[in-house]
Amino acid sequence: MAIEFLDPTHENAFGGFELAPRLASLQGAVIAIVSNGKRGTIPFFDALEGAFKTQFAVGEVVRITKGNYSTPVEAERLNDAERWQALVSGVGD
Amino acid sequence: MTAHNFNASLHSASDLQSAQEWFHERKLTDGLPVVPPTPELVGQCLDYALLPADHLIGIEPVRERAITAEKVAINAVLAGCLPPHFPLVVTAITAMLQEPFVMHGATSSTGGCGILMVINGPARTELKMDATFNALGPGDRATTAIGRAVRLVLYNLLDVRPGEADRSTLGHPGKLSYCLAEDEENTPWKPLAEERGVPQYASAVTVMAAGAPRQIMNEWTTEPAEILDTFIAEIKASMLHYSIWAGNYAIVLPPQLRAHFDAAGWSKADVRDYVFEHAKVHRHEWAACGKGAVVANKGDREYRALVSPDHLLVVAAGGPAGGFGAVIPPWLGKTSQAVTVAVGACVDCEI
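As they're listed, the protein sequences go chains A and B.
Read in order, the letters of the first sequence are residues 2 to 94 in this note's numbering.
Read in order, the letters of the second sequence are residues 19 to 369 in this note's numbering.
What the hints contain is simulated information worked out from the structure, not anything from laboratory work.
It should be emphasised that the depicted structure is a prediction, and the values quoted were computed from it without experimental measurement.
Each residue gets a CB set at the ideal place from its N, CA and C atoms; glycine is no exception.
Any given hint could turn out to be false.
Cross-link-like lysine to aspartate or glutamate pairs, in silico, DMTMM-like; alpha carbons within 20 Å at most [unchecked claim]:
(1) B:Lys309 - A:Asp94
(2) B:Lys352 - B:Glu320
(3) B:Lys254 - B:Asp291
(4) B:Lys352 - A:Glu75
(5) B:Lys352 - B:Asp291
(6) B:Lys208 - B:Asp328
(7) B:Lys208 - B:Asp148
(8) B:Lys208 - B:Asp291
(9) A:Lys67 - A:Glu50
(10) A:Lys67 - B:Glu82
(11) A:Lys39 - A:Asp94
(12) A:Lys39 - A:Glu50
(13) B:Lys146 - B:Glu203
(14) B:Lys45 - B:Asp177
(15) A:Lys39 - B:Asp184
(16) B:Lys45 - B:Asp33
(17) B:Lys254 - B:Asp318
(18) B:Lys45 - A:Glu12
(19) B:Lys45 - B:Asp184
(20) B:Lys352 - A:Asp94
(21) A:Lys67 - A:Asp94
(22) B:Lys298 - B:Glu320
(23) B:Lys298 - B:Asp288
(24) B:Lys45 - A:Glu5
(25) B:Lys352 - B:Glu117
(26) B:Lys45 - A:Asp8
(27) A:Lys67 - B:Glu117
Computed, partial: chain A to chain B, Cβ under 8 Å [stated by the list, open to error]:
(28) Ala3
(29) Glu5
(30) Pro9
(31) Glu12
(32) Ser71
Negatives, chain A to chain B, calculated, CB over 12 Å [to be verified]:
(33) Leu20
(34) Ala21
(35) Pro22
(36) Val31
(37) Glu50
(38) Gly60
(39) Leu79
(40) Ala82
One chain only, chain A, in its complex shape:
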């Protein structure tokens, strides 16, 4: 006998996550990097910051570290966001 049943998954019934528009150039831009706060992010983002500056002529890199690596970044840490042209959010362990 045929059985009908309901789908247990989220069925992608949510939104809000789309790729941000690409920047035409990073030259002179202000780029923020948000770390999840784990130690492994430090050398990784140090290298990324160096690459931004030396290879892409980024004007300024703003480093932000979350208070808790398992929760979204605190709103107050984004107060200055209007000044940034891009933000890189990364995790490390």
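Starting from the known structure of chain A, arrange chain B on it as the hints suggest.
Only chain B this time, still in chain A's reference frame:
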């Protein structure tokens, strides 16, 4: 039964076996067989809890996913829950969605913790939960199904599957189901939920991001302090072998050990105070277990297992014979904190 307007897609299979394979092929189950969540069974769960299908239980903050009663009910049926089990599943998910629990981290970390659920109140007896023999193992239908339902909610609504959002290196068997009823009938101690602010006689669920239980045994003393010293030795071992950071610990005491505390007049508060005072290690002790590289110049620094006495969850459970107890360590210090919610409580309602 109320006519529900379900948002979930409706699928069909030619027979029960085909339905099983439908779920296994899509990794929508934990590896065990499931109960196909028919609209009728899901509707019965919602009716029992008096919840409309689109009732918002909460929003997972990291991925901003809405968790609705309908989808939780579907997964509860999938796990084998009966309608009377469903309110406890809703309560557990509600508790996990509270900010101090840090749901995303607790369910996705390489640390591989499970969701320990402690049930208090009349729901335990109404649902025939067994808080005695094999209390932390498989037993009654309700605790097993409720614990599994929470896992399947994580699987299917938040993609917390191994290798997807679940990044556990090892995990542990409690990730199938980790639900425990407290043995309130056989102890003068206050139930855990009541100690954590839930009114007497209300049913409640306490959730804790927890490692696997570590069993202890001490049948050679009647002194409460000596019995607790055994628990404390296990807590200290966890601090040295796993994580040194203070957080919630749970300890489970069976009747044979509890009798000595009762005879000596020790309350749960006395237990918590003693453990808080004595469960501590020094950083230099790491050197004896292979972690000398991170002792550095902080060897004399003292670390407590508990932030405060209230961070110890004392649970009465276990079979009548045997001086066995369990220490259940936290996932990772105080990153996630245990949360207790009464069944039927609306934690976000405006009065």
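Hint check, failures only:
Hints that this structure does not satisfy do not exist here, as all of them hold.
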